[in-house]
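J.: Using the sequences and the accompanying hints, generate a full structural model.
Chain order of the listed sequences is F and Y.
All residue numbers in the first sequence are consecutive under the working numbering, ending with 759.
All residue numbers in the second sequence are consecutive under the working numbering, ending with 759.
You may find that some hints are simply not true.
If chains are identical, the list can't say which one is meant, so a pair holds when it fits in one copy or spans any two.
Said to hold, decoys possible - Distance condition first, Cα-Cα at most 25 Å in a straight line; then the derived DSS-like pairs of lysine-lysine:
1. 556 / 589
2. 755 / 733
3. 755 / 691
4. 633 / 584
5. 621 / 755
6. 552 / 584
7. 552 / 691
8. 520 / 738
9. 552 / 633
10. 520 / 755
11. 654 / 733
12. 666 / 755
13. 633 / 589
14. 584 / 738
15. 758 / 552
16. 755 / 633
17. 520 / 633
18. 633 / 758
19. 589 / 612
20. 660 / 520
Keep in mind that the hints were calculated from the coordinates and are not lab data.
Protein chains: 2
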Amino acid sequence: LRNIKLTLEYDGTRFLGFQNQRQGRTVQSVLEEALQKLFQKRIKIVASGRTDSGVHAEGQVVNFTVDSKIPLWKIQRGVNRYLPEDVSIVRIEEVSKKFHAQRSAKWKTYEYRVLQSKAPSPLTRNRTYQYYYPLNLAKIRQASKLLQGRKDFRAFEGSGSRRKSAVRTIRKIEVKQQGNLVTFRLESNGFLYRMVRNIVGTLLEIGQGRQNTQELRKAMKLKQREILGPTAPPQGLYLKRVKY
Amino acid sequence: LRNIKLTLEYDGTRFLGFQNQRQGRTVQSVLEEALQKLFQKRIKIVASGRTDSGVHAEGQVVNFTVDSKIPLWKIQRGVNRYLPEDVSIVRIEEVSKKFHAQRSAKWKTYEYRVLQSKAPSPLTRNRTYQYYYPLNLAKIRQASKLLQGRKDFRAFEGSGSRRKSAVRTIRKIEVKQQGNLVTFRLESNGFLYRMVRNIVGTLLEIGQGRQNTQELRKAMKLKQREILGPTAPPQGLYLKRVKY
Numbered sequence: 516l517r518n519i520k521l522t523l524e525y526d527g528t529r530f531l532g533f534q535n536q537r538q539g540r541t542v543q544s545v546l547e548e549a550l551q552k553l554f555q556k557r558i559k560i561v562a563s564g565r566t567d568s569g570v571h572a573e574g575q576v577v578n579f580t581v582d583s584k585i586p587l588w589k590i591q592r593g594v595n596r597y598l599p600e601d602v603s604i605v606r607i608e609e610v611s612k613k614f615h616a617q618r619s620a621k622w623k624t625y626e627y628r629v630l631q632s633k634a635p636s637p638l639t640r641n642r643t644y645q646y647y648y649p650l651n652l653a654k655i656r657q658a659s660k661l662l663q664g665r666k667d668f669r670a671f672e673g674s675g676s677r678r679k680s681a682v683r684t685i686r687k688i689e690v691k692q693q694g695n696l697v698t699f700r701l702e703s704n705g706f707l708y709r710m711v712r713n714i715v716g717t718l719l720e721i722g723q724g725r726q727n728t729q730e731l732r733k734a735m736k737l738k739q740r741e742i743l744g745p746t747a748p749p750q751g752l753y754l755k756r757v758k759y
Numbered sequence: 516l517r518n519i520k521l522t523l524e525y526d527g528t529r530f531l532g533f534q535n536q537r538q539g540r541t542v543q544s545v546l547e548e549a550l551q552k553l554f555q556k557r558i559k560i561v562a563s564g565r566t567d568s569g570v571h572a573e574g575q576v577v578n579f580t581v582d583s584k585i586p587l588w589k590i591q592r593g594v595n596r597y598l599p600e601d602v603s604i605v606r607i608e609e610v611s612k613k614f615h616a617q618r619s620a621k622w623k624t625y626e627y628r629v630l631q632s633k634a635p636s637p638l639t640r641n642r643t644y645q646y647y648y649p650l651n652l653a654k655i656r657q658a659s660k661l662l663q664g665r666k667d668f669r670a671f672e673g674s675g676s677r678r679k680s681a682v683r684t685i686r687k688i689e690v691k692q693q694g695n696l697v698t699f700r701l702e703s704n705g706f707l708y709r710m711v712r713n714i715v716g717t718l719l720e721i722g723q724g725r726q727n728t729q730e731l732r733k734a735m736k737l738k739q740r741e742i743l744g745p746t747a748p749p750q751g752l753y754l755k756r757v758k759y
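T.: So this is what it looks like as structure tokens:
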């Protein structure tokens, strides 16, 4: 039995998220269908984690085991032919039997892209969050320092999630500007449900001057979601990389 | 009567090009419809030039005259509300009566984006030409020097075009690489039908080693399209800017 690791790129716009649901088109469902066509048997994949509807990936990682001798490059080419145009295997590797895309993950990197613009931008719709108000990046960077390190992130957790502890370690939050594009890059040993979008939503409120660092401090201490900014929309979010 | 200049951004994927046709969805048709809804009368626009189906714009320019006192920002906001999400007015100005979006144009800048990749890239499909073969940029830059200046570009003209002369002045061809994205930037006082895509198609053949500078020289001299490379596909092409 071979254990195969795939790195996926997908455009989340037309998917109802990554994980299989009772109904609807998900990344997992189209991938498992394509694998079944190639291997002529049912294949069950494991992913590093799920992504919501509208959220993109440049480096989502999944693995599956299969009893087949088809060479890796032929699996990649074959499955890519069966996949729809909004998802693609960009890398394929054979890994040890112990590798588990979710449990073996050590660090994850997400990117969130905000386009500063007064008029709608057709070319980057579904790829960025188009934000009308001017942003003070110095304030955003200052606030983001409060979120780095090992902390309880319950104030940034979406409702409806299951987990033992809300303690996570964010080891990097970078905020970069290139022209009118502002990019947030977050690296953590794990993210709670909607944590990235909740953090970005709050940092944007701070950058716009509608909230301040004091309120952020208070929300972190009291672990209260309600004090903080809204959840940033999904189309600006990219799962960039999973490190093992 | 006011003369109004609009700068447009559009995603060309779902348009049958810019210019009105007997049938089908064009940028001109959706824009004229939106203008008619706002002004409650038929408005005819003039564009700097047409773009093909699948070709994008970040800076297409059009103008129209109208007898109305609505302030510019209200026209922009109102028309953008009536426009579909794949086209948008990004700038609006009132200009002198003499301004004509096509005849007053002095220089045009096009960009062509090539993504070097072995596997399909879902996030940049419809936005780049995904190119499998490795490219020698030094060879491409060397060949592009032969195309700069005032020359007869008949060898790069698509069939079915009408024009008096095929002489144009290309004052810049820049080739840049950022990661696996190769960007061509061309500036000219005018482009023949499909000229940018034909130039890029040939430069890619040269960069890949399937053609050489000698053949390019010959084609330019003999004005023969047949010697040269294929037309690069539309989805990599962007009308960036029109200078007046």
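J.: It remains to establish, for every hint, whether it holds in the given structure.
T.: Taking the hints in turn, this is what the structure says about them:
In this assembly of identical chains, residue 556 and residue 589 lie within 25 Å of each other by CA distance solely inside one copy; the values are 17 Å within and 59 Å between copies. For the homomeric pair residue 755 and residue 733, neither the shortest alpha-carbon distance inside one copy (30 Å) nor that between copies (47 Å) is at most 25 Å. With identical chains, the CA atoms of residue 755 and residue 691 are at most 25 Å apart both within one copy (16 Å) and between copies (24 Å). Taking the shortest Cα distances, residue 633 and residue 584 sit within 25 Å of each other only across copies (22 Å), while inside one copy they are farther apart (55 Å).
Proximity of residue 621 to residue 755 under the C-alpha cut-off of 25 Å is restricted to the intra-copy arrangement: shortest distance 14 Å within a copy versus 42 Å between copies. With identical chains, the CA atoms of residue 552 and residue 584 are at most 25 Å apart within one copy only, with a shortest distance of 16 Å there and 62 Å across copies. With identical chains, the CA atoms of residue 552 and residue 691 are never at most 25 Å apart, being 43 Å at best within one copy and 40 Å at best between copies. Proximity of residue 520 and residue 738 under a CA criterion of 25 Å is satisfied in neither setting, with 37 Å inside one chain copy and 52 Å between copies.
When the C-alpha separation of residue 552 and residue 633 is checked against a cutoff of 25 Å, the pair qualifies only between copies, where the shortest distance is 22 Å, while the shortest distance within a copy is 47 Å. For the identical chains of this complex, residue 520 and residue 755 are intra-copy neighbours only, at 16 Å inside a copy versus 40 Å across copies, given an alpha-carbon limit of 25 Å. Taking CA atoms no more than 25 Å apart as the test, residue 654 paired with residue 733 passes inside one copy only; the shortest distance there is 17 Å, against 60 Å between copies. With identical chains, the CA atoms of residue 666 and residue 755 are at most 25 Å apart within one copy only, with a shortest distance of 23 Å there and 46 Å across copies.
Taking CA atoms no more than 25 Å apart as the test, residue 633 paired with residue 589 passes between copies only; the shortest distance there is 13 Å, against 47 Å inside one copy. For the identical chains of this complex, residue 584 and residue 738 are neighbours neither inside a copy (51 Å) nor across copies (53 Å), given an alpha-carbon limit of 25 Å. Taking the closest pair of Cα atoms, residue 758 and residue 552 never come within 25 Å of each other, the shortest separation being 29 Å inside a single copy and 53 Å across copies. For the homomeric pair residue 755 and residue 633, the shortest alpha-carbon distance between copies (19 Å) is at most 25 Å, but the shortest distance inside one copy (28 Å) is not.
Taking the shortest Cα distances, residue 520 and residue 633 sit within 25 Å of each other only across copies (18 Å), while inside one copy they are farther apart (42 Å). For a Cα distance limit of 25 Å, the shortest separation of residue 633 from residue 758 across copies, 22 Å, qualifies, whereas the shortest one inside one copy, 37 Å, does not. When the C-alpha separation of residue 589 and residue 612 is checked against a cutoff of 25 Å, the pair qualifies only within one copy, where the shortest distance is 21 Å, while the shortest distance between copies is 63 Å. Taking the closest pair of Cα atoms, residue 660 and residue 520 never come within 25 Å of each other, the shortest separation being 34 Å inside a single copy and 45 Å across copies.
Of the numbered hints given earlier, the model fails hints 2, 7, 8, 14, 15, 20; all others are met.
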